[in-house]
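Participant: Residue strings, one per chain:
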Amino acid sequence: MESIQYAVILLGAVFCAYRAIVAKRILSATIYLACISALTSAIIFLLGAEQVAVMELSVGAGLVTVLLVYALSVVGDDAMDPASVIPKPLAFALVGLTTVLLGWMVFPAVPASFVRGSMSLAISLWQSRVLDVWIQIVLIFSGVMGVLGLLSEKAPGRSQEIHQ
Amino acid sequence: MIVTPFNVILFGVVALLGVGFYGLLITRNLIKVVMVLQILIKGVVLALVLAGAVGGNPGLGQSTAATVIVADTIVAVVGLALAVQVRRRFGTLDVPKISTLRG
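Each protein sequence line maps, in turn, to chains Z and E. All letters in the first sequence, in the order written, are residues 0 to 163 by numbering that gives the first Met the number 0. All letters in the second sequence, in the order written, are residues 0 to 102 by numbering that gives the first Met the number 0.
There may be inaccurate statements among the hints.
Said to hold, decoys possible - Per the computed footprint, the stretches of chain Z lying under chain E, defined by three or more beta-carbons under 8 angstroms from a beta-carbon of chain E, are:
#, segment
1, 12–24
2, 30–43
3, 58–67
4, 90–103
5, 125–137
As the list claims (entries may be wrong) - Straight line, CA to CA, 27 angstroms or less: simulated DSS-like cross-link-like pairs of lysine-lysine:
#, chain 1, residue 1, chain 2, residue 2
6, Z, Lys23, Z, Lys87
7, E, Lys96, Z, Lys23
8, E, Lys96, Z, Lys87
To be verified - Cβ-Cβ distance ranges computed for the label pairs, FRET-style:
#, chain 1, residue 1, chain 2, residue 2, range
9, E, Val94, Z, Tyr69, 38 to 48 angstroms
10, Z, Val84, E, Ala70, 42 to 52 angstroms
11, E, Gly54, Z, Val132, 13 to 23 angstroms
12, E, Ile1, Z, Gly148, 18 to 28 angstroms
13, E, Val94, Z, Met0, 18 to 28 angstroms
14, Z, Val21, E, Pro95, 12 to 22 angstroms
15, E, Ser98, Z, Gly75, 14 to 24 angstroms
No wet-lab data here; the hints were simulated from the structure. Ideal Cβ positions, reconstructed from N, Cα and C, are used throughout, including at glycine.
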């Protein structure tokens, strides 16, 4: 029963991922991406990682979607994906081969029951992985700089004027 | 093969990664490339949480997944900022057209 539950959610996520990739309109792809994020966070929640699930849902389905929609509104006419340079059958064959090899490597790892809860995320993060916290702070700072770059309306630089 | 929740989720992770790789190969729009990277990283986050839960140390898997989520968001923000600036400078988001490399 539990397996069926996971399978249904994951099938939905993979379907949304495929639709996001083949969609011509990038706005539709953005909505599919938000759906993938929501379904992934559902799986993470079922695995017992509630805090990570909330983080994934709020950031993946919320913040990133808003940023994507804003970027699409800025670029306007370019919100369509042109046809692929690589022939699709070739790309499909390459990825199929890679996926089969990946599956072949990971699937012998059969066992196990899940361990839920126990050592909390906070203890692990603040006691064992302090370096990760510092890295996250630096990353968030660079994210703020990135948002400033996204929002800036600066005129083209001098180098471009010279080229023109 | 025995159908356990572990195997089902592992299969889902491999499928998400496969779809993401396919997207990376066929996508030409710069904003969509950022989206495809997001799909790939969702698979990785799922794999990290699964590895923590199965390996007996869920806290470690979850904290690593949290770090990856933060990094993933910053990649999206910086990538989108670059895409917007590239669009302003080159007038297009088509990756082959904005490449200035010759040969």
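Participant: Does each hint fit the structure? Answer for all of them.
Facilitator: Each hint tested on the structure:
1. Given a C-beta distance limit of less than 8 angstroms, the hint that chain E covers the segment 12–24 of chain Z holds, as 6 residues qualify and 3 suffice.
2. Given a C-beta distance limit of less than 8 angstroms, the hint that chain E covers the segment 30–43 of chain Z holds, as 6 residues qualify and 3 suffice.
3. Against chain E, the segment 58–67 of chain Z contributes 6 residues with a C-beta closer than 8 angstroms to a partner C-beta. That satisfies the three-residue criterion, and the hint holds.
4. For a cut-off of 8 angstroms, the count of residues in the segment 90–103 of chain Z with a CB near a CB of chain E stands at 9, and the three-residue condition holds.
5. Coverage of the segment 125–137 of chain Z by chain E holds [criterion: at least 3 residues with CB-CB distance below 8 angstroms; count 5].
6. Distance restraint check for lysine 23 (chain Z) and lysine 87 (chain Z): the Cα-Cα separation of roughly 15 angstroms lies within the 27 angstroms cut-off, and the hinted pair is therefore satisfied.
7. Under the criterion of a C-alpha separation no larger than 27 angstroms, the hint pairing lysine 96 (chain E) with lysine 23 (chain Z) is consistent with the structure, at around 18 angstroms.
8. A C-alpha spacing of about 20 angstroms is found between lysine 96 (chain E) and lysine 87 (chain Z), which places the hinted pair at or below 27 angstroms, so the restraint holds.
9. In this structure the hint that valine 94 (chain E) and tyrosine 69 (chain Z) lie 38 to 48 angstroms apart at CB is violated, the actual value being about 21 angstroms.
10. Evaluation of the 42 to 52 angstroms hint for valine 84 (chain Z) and alanine 70 (chain E) yields a failure: the beta carbon distance comes to about 29 angstroms.
11. Checking the proposed 13 to 23 angstroms range against glycine 54 (chain E) and valine 132 (chain Z) shows it holds: the Cβ atoms sit about 22 angstroms from each other.
12. In this structure the hint that isoleucine 1 (chain E) and glycine 148 (chain Z) lie 18 to 28 angstroms apart at CB is violated, the actual value being about 50 angstroms.
13. With their beta carbons about 45 angstroms apart, valine 94 (chain E) and methionine 0 (chain Z) fall outside the hinted range of 18 to 28 angstroms.
14. Under the hint 12 to 22 angstroms, the C-beta atoms of valine 21 (chain Z) and proline 95 (chain E), about 19 angstroms apart, fit the expected range.
15. The supplied range of 14 to 24 angstroms is met by serine 98 (chain E) and glycine 75 (chain Z), whose beta-carbon atoms lie about 22 angstroms from each other.
Hint compliance for this structure: hints 9, 10, 12, 13 are broken, all remaining hints hold.
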